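A.B. asks: Heads up: the protein sequence lines correspond to chains U and Z, in order. Using my numbering, the letters of the first sequence correspond one by one to residues 1 to 546. Using my numbering, the letters of the second sequence correspond one by one to residues 1 to 194.
Derived by calculation from the structure, the hints in this document are not laboratory data. Computed from a prediction, not measured in an experiment: that's the story for all the values here. Beta carbons are placed, not taken as given, at the ideal position from N, Cα and C, and that holds for glycine. A couple of the hints might just be wrong.
One-sided and incomplete, this derived list gives chain Z residues near chain U with beta-carbon spacing under 7 Å [claimed, not checked]: (1) Leu21; (2) Asp125; (3) Lys132; (4) Trp169.
This is what each chain is made of:
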Amino acid sequence: MQLHRFHGGLKLADETEVSTRDPVLVMGVPSQLTVPLGQHIGEAAEPCVAVGDHVTKGQRIGQSKGYIAAHVHAPSSGEVIEIAPHAVPHPSGLSAPCVVIQTDGRDAWGDTRMEPWLDWDTRDPRKLRQRIRDAGIVGLGGAAFPTAVKLNPRAGQRIHTLIVNGAECEPYISADDMLLRTAPEAVFEGIRIVAHLLGVDRVLFAVEDNMPEAMRALTETLPGELRELIQLVSVPALYPTGGERQMIKVLTGQEVPSGGLPADIGMVCNNPGTLKAVCDAVIQGRPLLSRIVTVTGPGVRHPRNVEALLGTPFADVIAATGGYAKGVDRLVMGGPMMGFAVHDDAIPVIKGTNCLLATRPQDTPPPGPVMPCIRCGECAAVCPAQLLPQQLYWQAKAKDFDAIQDYGLFDCIECGCCAHVCPSNIPLVQYYRYAKNEIWAREKERQKSDIARERYEFRQERIEREEREKAERMARKKAAVKKKEGGDSDQQAAIQAALERARARKAAKAGASDEGNHTEKTGTDRDGTGDPAGSGESDPTDTGHR
Amino acid sequence: MSVLYAILAIGGLAAAFGIILGFAAQRFRVESDPVVDQIDALLPQTQCGQCSYPGCRPYAEAIAAGEADINRCPPGGQATVQALADLLDREPTPLEEEEQEKAVAIIDENICIGCTLCIQACPVDAILGAAKQMHTVIEEECTGCELCIEPCPVDCITMVPVGTDITEWRWSEPEPSPIERPIHAIANGSRQSG
Chain U
1 MQLHRFHGGL
11 KLADETEVST
21 RDPVLVMGVP
31 SQLTVPLGQH
41 IGEAAEPCVA
51 VGDHVTKGQR
61 IGQSKGYIAA
71 HVHAPSSGEV
81 IEIAPHAVPH
91 PSGLSAPCVV
101 IQTDGRDAWG
111 DTRMEPWLDW
121 DTRDPRKLRQ
131 RIRDAGIVGL
141 GGAAFPTAVK
151 LNPRAGQRIH
161 TLIVNGAECE
171 PYISADDMLL
181 RTAPEAVFEG
191 IRIVAHLLGV
201 DRVLFAVEDN
211 MPEAMRALTE
221 TLPGELRELI
231 QLVSVPALYP
241 TGGERQMIKV
251 LTGQEVPSGG
261 LPADIGMVCN
271 NPGTLKAVCD
281 AVIQGRPLLS
291 RIVTVTGPGV
301 RHPRNVEALL
311 GTPFADVIAA
321 TGGYAKGVDR
331 LVMGGPMMGF
341 AVHDDAIPVI
351 KGTNCLLATR
361 PQDTPPPGPV
371 MPCIRCGECA
381 AVCPAQLLPQ
391 QLYWQAKAKD
401 FDAIQDYGLF
411 DCIECGCCAH
421 VCPSNIPLVQ
431 YYRYAKNEIW
441 AREKERQKSD
451 IARERYEFRQ
461 ERIEREEREK
471 AERMARKKAA
481 VKKKEGGDSD
491 QQAAIQAALE
501 RARARKAAKA
511 GASDEGNHTE
521 KTGTDRDGTG
531 DPAGSGESDP
541 TDTGHR
Chain Z
1 MSVLYAILAI
11 GGLAAAFGII
21 LGFAAQRFRV
31 ESDPVVDQID
41 ALLPQTQCGQ
51 CSYPGCRPYA
61 EAIAAGEADI
71 NRCPPGGQAT
81 VQALADLLDR
91 EPTPLEEEEQ
101 EKAVAIIDEN
111 ICIGCTLCIQ
121 ACPVDAILGA
131 AKQMHTVIEE
141 ECTGCELCIE
151 PCPVDCITMV
161 PVGTDITEWR
171 WSEPEPSPIE
181 RPIHAIANGS
191 RQSG
């Protein structure tokens, strides 16, 4: 197969030999499991159990909120003793909500276990995707992006190629290597499920050329009927081949567009660990409860790979391998290039914990003082995203966040190649992370102020409207009062008219009965002409008197 | 003769474009002042009045009219000053007052007497309640303007700083390189190989 080359990259020491001598150690159930509710990219899950509840193995304890999110399950049976913030693996060292389970040692499944689907190939792809979502599976390469989302291309997007990314390009990490040596069949089964789900034409299974054992295991176990579909490819070990975009470039020569996803060019990229988790979820009905962690570095006595339940404290994992070496002073989660130091080894293994790297002071000498940039351009030569790290650095420093985006900051994968080669020891990646965070924070603030403006304007409008309505009401009332007054005078006029009529009738009657009676007539006349306007008023009073 | 044609042709073109431009100026006239909108978009919309104008928009209008300086918004902080300076092509000046930490108002529900005065004061309708009923702040909507503190007759409202949780945590800006480092320190430099 014709391979391609991505721009830049670094040839780094492998360092995986020490941790691949022994088989994967399957750890027992620790006495306590601290399971963080946010172990993935996206919003943290919401706890769906209460303190004091008994939970069974595989029971859902965290319900995902939203689309880009994942459920969290109890890795073993026991009692929920606390739901509270605890320190979690995060570069900030801050705490986040966790469910703490006191295990009962029985490791018992309950009625909530999902039904095993041995006949998965007859199932609807949507059902399979739902199963993957229910199992809380996320990308196990380290980024922890929800797999069900990745396997759900947008309408009209046809996925023709599935790429299995078995390149563990960072030094020291060997979790995928060991997985491929021990359980290649499960990975192949996972590939078959995902290939069926996506309806792909071909599967490219890439393994780095410094993993010959894994390659041998794969070649030997690849079932005959899959040889048409799956193509095993050995790719040159170069950091960061394991990056999704770099891997696609190496295998196909195609580039994922800036700001786009592999799905935009009809490809989906998965880690072999993720595919094994898919196989377990579909065929055994087992949600994601454990993962393989590489425990390595000069700071541990006996480097090796361990299969640990999620929620197991780092200290327990390291103790299971044989404990720390003398003089250890630093523990990193992830590899030496992209990992971050943790300040406490009581924090738990999460879905993204691929490696625990312990070092002594003499292994990681301080990088030396930060010097001014000498514009040597080394950083641009090694950047696998073909960016201009030096420009990004100046712009981040000047806080010119518009220009830095024009220079493709968000295409930076934070691989650390630029900082690694920088002769001035400038912490370049930290500048990019700072700039990205600042841009996101400002965007969030802008949205918040837009909402505040909207609410303020709505309030102003409402107050105005209320005042206007009040004024209108007042005006209407006034008009009504006036009208009422006017109505009164009408009534009075009507009464007067009636009285006049009555008087006229009376007069007519009197005139008819006694024509020529002078005295009577004068009396009537006096009465009638005395005060035409006042008569109406005086008459009723008179009547009252009488 | 040809000079006459040239003059006529150029003159005709000038007249035609003049008519088109004149028509466009009438037809596509922009009603509001877009600069005011742009300034207003950069202000944090707390409507707190700390700039001495009754709200963000009046302040934006004052800035646009050249009556107010751009450094009078404590909730916006230096970042807003910088953004305004970029927009208006002015020199960024240091903030007049100290930058205000993000906070939300919290009502002590044991003390609240339900007078509704704070509800009337809140510019974004972020306080919920009714007469003689307990009031509460919708924290999501609170902009931290502090306008509800003053009217409260029983002083039951306090501003609580918004803490950083794991989802809001940000990478800090790295320490700048000490450019003014003396040369001998660089020469003796403690750079390690590798």
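A.B. asks: Evaluate each hint against the coordinates.
C.D. replies: Comparing the hints with the structure gives:
no. : hint   : in the structure
1   : Leu21  : violated (31 Å)
2   : Asp125 : holds (5 Å)
3   : Lys132 : violated (21 Å)
4   : Trp169 : holds (4 Å)
Going through the hint list in order, the structure does not satisfy hints 1 and 3.
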